[in-house]
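So the sequences go chain by chain: V and P.
10 is the number that our numbering gives to position 10 of the first sequence; each next residue is one higher, with no gaps.
392 is the number that our numbering gives to position 127 of the second sequence; each next residue is one higher, with no gaps.
Calculated directly from the structure, the hints in this document are not laboratory data.
A hint or two may mislead.
[Stated by the list, open to error] 20 Å max Cα-Cα, derived EDC-like pairs, lysine to aspartate or glutamate:
hint: 1; chain 1: P; residue 1: K432; chain 2: V; residue 2: D31
hint: 2; chain 1: P; residue 1: K432; chain 2: V; residue 2: D83
hint: 3; chain 1: V; residue 1: K188; chain 2: V; residue 2: D209
hint: 4; chain 1: P; residue 1: K432; chain 2: V; residue 2: E108
hint: 5; chain 1: V; residue 1: K158; chain 2: P; residue 2: E467
hint: 6; chain 1: P; residue 1: K370; chain 2: P; residue 2: E386
hint: 7; chain 1: P; residue 1: K328; chain 2: P; residue 2: E417
hint: 8; chain 1: V; residue 1: K38; chain 2: V; residue 2: E76
hint: 9; chain 1: V; residue 1: K210; chain 2: V; residue 2: D226
hint: 10; chain 1: V; residue 1: K111; chain 2: P; residue 2: E417
hint: 11; chain 1: V; residue 1: K7; chain 2: V; residue 2: D78
hint: 12; chain 1: P; residue 1: K432; chain 2: V; residue 2: D101
hint: 13; chain 1: V; residue 1: K210; chain 2: V; residue 2: D101
hint: 14; chain 1: V; residue 1: K210; chain 2: V; residue 2: D31
hint: 15; chain 1: P; residue 1: K413; chain 2: V; residue 2: D114
hint: 16; chain 1: V; residue 1: K210; chain 2: V; residue 2: E252
So you can see what is in the structure, the chains are spelled out below.
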Amino acid sequence: MAFGTIKNVRKVFGVSELGSRANEPVVALDDASFTFEKGELVALLGPSGCGKTTLLRIVAGLIAKTSGSVNIGGREVDSPVGDYGFVFQAPSLMPWRSVIDNVLFPMEILKRNDNAARARAVELLELVGLGSFHRARPHQLSGGMQQRVSLCRALIHKPNLLLMDEPFGALDELTRLEMNDLLLRVRKETGASVLFVTHSISEAVYLADKVIVFSRRPARVSQRIDVVLPSPRTQAVRFTPAFTQAERAASEALGVVPHVEAEAS
Amino acid sequence: MNARAITRVGYPLAGLVIILVAWTLACWLGRLPTVVLPTPDKVLYSFIKYFPMLMEEGWVTLKETLYGFGLALILGVPMAVAIANSRTLNLMFYPLLVALQSVPKVALAPIILVWLGPGLESKLAIAWLVAFFPIIVDTAAGLRSTPKELLELANSLNASRWQILTKVQFPAALPFVMTGAKVAITLAVIGAVIGEFVGSSEGLGFLLLTATSQLDTPLAFAALFALSLIGLLVYLLVEGVELLIAPWLPPAPERH
Chain V
1 MAFGTIKNVR KVFGVSELGS RANEPVVALD DASFTFEKGE LVALLGPSGC GKTTLLRIVA
61 GLIAKTSGSV NIGGREVDSP VGDYGFVFQA PSLMPWRSVI DNVLFPMEIL KRNDNAARAR
121 AVELLELVGL GSFHRARPHQ LSGGMQQRVS LCRALIHKPN LLLMDEPFGA LDELTRLEMN
181 DLLLRVRKET GASVLFVTHS ISEAVYLADK VIVFSRRPAR VSQRIDVVLP SPRTQAVRFT
241 PAFTQAERAA SEALGVVPHV EAEAS
Chain P
266 MNARAITRVG YPLAGLVIIL VAWTLACWLG RLPTVVLPTP DKVLYSFIKY FPMLMEEGWV
326 TLKETLYGFG LALILGVPMA VAIANSRTLN LMFYPLLVAL QSVPKVALAP IILVWLGPGL
386 ESKLAIAWLV AFFPIIVDTA AGLRSTPKEL LELANSLNAS RWQILTKVQF PAALPFVMTG
446 AKVAITLAVI GAVIGEFVGS SEGLGFLLLT ATSQLDTPLA FAALFALSLI GLLVYLLVEG
506 VELLIAPWLP PAPERH
């Protein structure tokens with residue numbers, strides 16, 4: 001059995017969940033199914049508002065699904081399990097904590113904030129190139145640096161699953177490429193599975209072993225694309241035919257370019 | 266002196282000089298008698314002459330202010346936590362709080378005096394009453410505006426409600442609490458003086474009343490001056506505490 005199985009997950013937000021202005025329920029996610037193996041990086045790709053973020057929160061156990069099943073590591077998820085890492089679009093650091101204390105926040109919550117945790121925090125910060133910024137406050141760092149701290153925070157408790165919600169969406173292109181490579185490196189060192197929400201086709205293809213393409217509302221999985229690229233991936237991979245082909249497949253699935261049957265090559 | 270120091274010190278000083286000159290000119294040109302508007306030098310003379318008495322009465326007012334403010338802080342923050350975290354409590358008490366806030370505290374002062382007598386307690390109570398509202402409203406607003414992602418992060422780690430409150434919500438609300446505290450402490454000075462006006466035998470408010478009833482306007486102005494010094498002092502005190510416990514706050518102009 002696969003490490004993670006998402007099966008027929010459906011989410012309808014009721015009127016009460018949506019707040020006072022809504023007058024009818026909204027189908028945020030209509031029938032999402034896919035599986036992934038341990039250590040795989042899965043990109044959830046789709047237009048804005050297609051429910052991929054909702055799916056991520058369902059997998060995290062933060063919101064309840066309407067129907068379907070989520071099984072991670074042999075455990076059915078319907079409430080937070082406490083050992084996933086979460087990276088948001090904004091770095092969401094705590095301005096009152098130093099960089100290292102931000103990284104150690106999950107360990108405090110899990111009551112495992114010991115010397116070993118501290119050593120690991122130092123190691124992680126080293127890994128993302130922030131070795132000399134332990135004592136800095138978040139506001140002293142650039143956006144990209146803050147997001148690296150956020151990544152360390154998500155990894156400190158050795159989660160077996162990393163959930164990333166458009167983590168590099170707010171960064172400039174060059175920083176984003178840099179962060180992509182950093183993520184690939186970090187993933188190799190930690191061996192965690194990653195669910196990565198993005199609306200960038202090239203980012204999805206560059207990072208993922210598998211791209212799950214979502215259609216616009218009603219949001220459902222429209223296609224699963226396996227990305228086979230030479231390993232280790234470097235930026236040069238972007239200019240290979242395999243990369244272009246995968247990008248094309250994803251674009252077709254999104255309806256960005258028309259589908260071409262059996263393209264002559 | 267560099268340009269920055271000139272801007273920081275020189276400009277306010279220049280402003281003060283302009284006001285003092287205008288004040289003096291108004292007294293001379295309008296031929297205003299001292300009992301209506303004393304010239305600045307007469308006020309200064311009075312301030313120096315009665316300095317020990319001003320200190321003594323000022324100390325009384327300062328004590329009333331700090332006690333009232335302290336009590337507002339001790340009671341206001343836990344109540345804000347309760348209101349921000351419970352929909353039921355919020356619905357039950359928030360409208361009452363707003364209603365209470367719209368009652369002019371001056372109107373309540375005589376009643377409080379009847380209840381608590383002319384001593385320190387009644388002044389403390391009035392200072393508390395005016396300081397309480399900004400603290401509870403700002404703290405509750407701060408607790409409610411915790412960034413959603415931080416709550417999600419804590420929840421994804423199965424954090425307890427106590428952990429969320431102490432490690433996420435409250436620190437995130439601290440800038441709001443401090444903003445409320447700054448408003449509250451200056452209001453507390455006013456509350457204490459209102460209490461002294463309505464009935465007391467000491468404090469700067471009392472001194473102010475006595476001085477005006479004896480037509481000693483320079484002394485009344487000196488007392489006013491002392492009052493504003495107290496206001497400034499307590500404000501700086503709160504700001505100092507803020508720097509001490511929340512040095513991570515961005516510089517003031519960015520905050521609003």
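- Task: Please work out if P/K432 and V/E108 have their alpha carbons no farther apart than 20 Å.
- Result: holds (9 Å)
- Query: Hey, P/K432 versus V/D101, does the alpha-carbon distance stay inside 20 Å?
  - Reply: holds (12 Å)
- Task: Would you check the hint for V/K38 and V/E76, treating anything up to 20 Å between C-alpha atoms as holding?
- Result: The given pair, whose Cα atoms are some 16 Å apart, holds under the 20 Å limit.
- Message: Need the status of pair P/K328, P/E417: alpha-carbon distance at most 20 Å?
- Response: violated (44 Å)
- Query: Are the Cα positions of V/K7 and V/D78 separated by 20 Å at most?
  - Reply: Answer holds: V/K7 to V/D78 is near 13 Å, not above 20 Å.
- Does P/K432 pair with V/D31 here, judged by a C-alpha cut-off of 20 Å? violated (37 Å)
- Item | Holds or violated: V/K210 to V/D31, with C-alpha atoms at most 20 Å apart | holds (18 Å)
- Is P/K370 within 20 Å of P/E386, Cα to Cα? holds (16 Å)
- Under the criterion that the straight-line Cα-Cα distance not exceed 20 Å, is the pair V/K210, V/E252 satisfied? holds (16 Å)
- Query: Straight-line Cα separation of P/K413 and V/D114 no greater than 20 Å?
  - Reply: violated (28 Å)
- Within 20 Å, alpha carbon to alpha carbon, are V/K111 and P/E417? holds (18 Å)
- Query: Within 20 Å, alpha carbon to alpha carbon, are V/K158 and P/E467?
  - Reply: Not OK: V/K158 and P/E467 at ~65 Å, beyond 20 Å, violated.
In terms of the numbered hints stated before, the structure departs from hints 1, 5, 7, 13, 15, listed from lowest to highest.
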